[in-house]
Structures are given as C-alpha cells and as structure tokens.
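J.: First residue of the sequence shown? That's 13 in this note's numbering, and the numbers climb one at a time after it.
Keep in mind the hints are simulated off the structure, nothing from the lab. Every value quoted in this text rests on a predicted model; they were computed, and no experiment measured them. One should not assume that every hint holds.
[To be verified] Mimicking EDC-like on lysine to aspartate or glutamate, the simulated pairs with C-alpha atoms at most 16 Å apart in a straight line are:
1. K138 with D121
2. K107 with E144
3. K135 with D119
4. K85 with E49
5. K138 with E116
6. K107 with D121
7. K74 with E116
8. K58 with D80
9. K72 with E131
10. K72 with E62
11. K74 with E50
12. K107 with D80
13. K60 with E49
14. K85 with E116
15. K107 with D119
16. K137 with D121
17. K74 with D119
18. K79 with E50
19. K56 with D80
20. K107 with E134
21. K85 with E57
22. K137 with E116
23. K79 with E49
24. K79 with E116
25. K60 with D80
26. K85 with E50
27. K79 with E131
28. K107 with E148
29. K72 with E57
30. K79 with E144
31. K73 with E62
32. K135 with E116
33. K85 with E144
34. K56 with E130
35. K58 with E134
36. K56 with D141
37. K72 with E50
38. K60 with D141
39. K135 with E49
40. K79 with D141
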Amino acid sequence: FIVLLLAAGVIVSGPGASGQWLPVLIILACTWGALYEERWNFNKEKSKIEYVTGIVILNKKKIYSLKDSVIFKVSGDFQESTEGKLGRLKKRMVKFSLILNSGEVLDIDIVTGKTGSEELREKAKKIADYCEIQLEISS
C-alpha cells in the first residue's frame with residue numbers, strides 16, 4: 013500500500029519534479045522489505061532442517077540434518093532491571109537456538125519483551141516435540 017501511495021505521488025508530480033529521489037528510495041526500500049524472507053523449515057520425515065533467507069526469487073538455502081542436532085535451547089535475560097534511566101530502557105531478550113554436534117549454534121529466533129518470550133517458549137516446545145529433540149530452557 014505504501015509503495016502504491018508513493019508511486020502515485022511520484023507519477024502525479026511528474027517525472028521532472030525536484031525532490032523525487034526520497035520517495036523513490038522509500039519505494040525501493042519498501043519493495044525490498046516486502047520481497048525479503050527469512051524462515052526455518054523443520055521436516056522430521058526427511059530428517060532435515062532448512063534455513064531460507066534472501067529475496068523471494070534469489071534466496072539462499074542451508075540444509076542441516078536432524079541427526080546432527082544435539083539440543084534446542086531457549087536462553088536469555090529473563091530478569092528485569094529497574095535501576096536508573098538505562099534500566100528502564102533495557103528490554104528482555106530471549107533467544108531460541110539449535111546446537112549441532114559440531115558445536116555450531118544456529119539462532120532460530122530472538123524476541124524482546126515478557127510476552128514475546130512466553131510465546132517463544134511455547135513455539136520452541138512445539139518444534140522440539142515435533143523434531144523429537146530435547147529442549148533446554150535457561151536464563
């Protein structure tokens with residue numbers, strides 16, 4: 013919608029109008045953002061985990077074997093700090109990761125905030141149960 017609105021403004025003002033570079037840059041940024049994807053696919057039947065990232069047409073895939081997976085882990089800052097100005101600005105950050113036999117850590121999701129961390133824990137439990145891999149929750 014934003015891209016269409018800005019494009020209409022550029023078209024209405026005419027091709028030679030000054031100051032059109034900003035709307036054009038915003039159009040390009042919005043289009044790139046709409047086409048960008050980052051997702052994880054867990055397939056127990058094929059015993060693989062697929063990580064897809066990039067623009068829809070030109071994306072990159074990394075494939076990992078479920079057999080190479082050791083543990084899913086939810087970790088992060090579950091404490092709230094209220095000391096001074098910085099304490100009020102500090103947010104909880106919780107990370108959902110997969111640790112492989114090689115020691116490599118794959119960050120699947122990172123969220124901030126109390127409600128986000130609860131949702132992340134539930135999602136992590138469902139994925140771990142589906143993949144039949146142990147889930148460790150630590151702070």
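J.: Are the hints correct? Go through all of them and say.
T.: Evaluated hints:
1. K138 with D121: holds (14 Å)
2. K107 with E144: Cα-Cα ~20 Å, so violated.
3. K135 with D119: holds (14 Å)
4. K85 with E49: violated (23 Å)
5. K138 with E116: The hint is violated at about 22 Å.
6. K107 with D121: Holds: K107 and D121 sit about 6 Å apart, inside 16 Å.
7. K74 with E116: holds (14 Å)
8. K58 with D80: Given that 16 Å is the threshold and the Cα spacing comes to 13 Å, the pair holds.
9. K72 with E131: Distance of about 27 Å is beyond 16 Å: violated.
10. K72 with E62: Holds, at roughly 10 Å.
11. K74 with E50: holds (11 Å)
12. K107 with D80: violated (20 Å)
13. K60 with E49: Given that 16 Å is the threshold and the Cα spacing comes to 19 Å, the pair is violated.
14. K85 with E116: The hint holds at about 13 Å.
15. K107 with D119: Holds, at roughly 7 Å.
16. K137 with D121: holds (13 Å)
17. K74 with D119: holds (13 Å)
18. K79 with E50: violated (23 Å)
19. K56 with D80: Satisfied, since the Cα-Cα distance of roughly 13 Å is no more than 16 Å.
20. K107 with E134: Measuring from Cα to Cα gives roughly 13 Å; hence the hint holds.
21. K85 with E57: violated (22 Å)
22. K137 with E116: violated (21 Å)
23. K79 with E49: violated (26 Å)
24. K79 with E116: Holds, at about 14 Å.
25. K60 with D80: Roughly 9 Å separates the two Cα atoms, so the pair holds.
26. K85 with E50: Violated. K85 to E50 sits at ~20 Å, over the 16 Å cutoff.
27. K79 with E131: Since the Cα atoms of K79 and E131 sit roughly 27 Å apart, the hinted pair is violated (cutoff 16 Å).
28. K107 with E148: At roughly 12 Å apart (the allowed maximum being 16 Å), E148 and K107 satisfy the hint.
29. K72 with E57: Roughly 22 Å separates the two Cα atoms, so the pair is violated.
30. K79 with E144: Given pair K79, E144 holds - Cα atoms ~11 Å apart, limit 16 Å.
31. K73 with E62: holds (7 Å)
32. K135 with E116: violated (21 Å)
33. K85 with E144: holds (13 Å)
34. K56 with E130: violated (25 Å)
35. K58 with E134: violated (24 Å)
36. K56 with D141: holds (11 Å)
37. K72 with E50: It holds: about 10 Å lies between the C-alpha atoms, which stays within 16 Å.
38. K60 with D141: Distance of about 15 Å is within 16 Å: holds.
39. K135 with E49: violated (19 Å)
40. K79 with D141: Measuring from Cα to Cα gives roughly 15 Å; hence the hint holds.
The structure fails to meet hints 2, 4, 5, 9, 12, 13, 18, 21, 22, 23, 26, 27, 29, 32, 34, 35, 39 from the earlier list, while all remaining hints are met.
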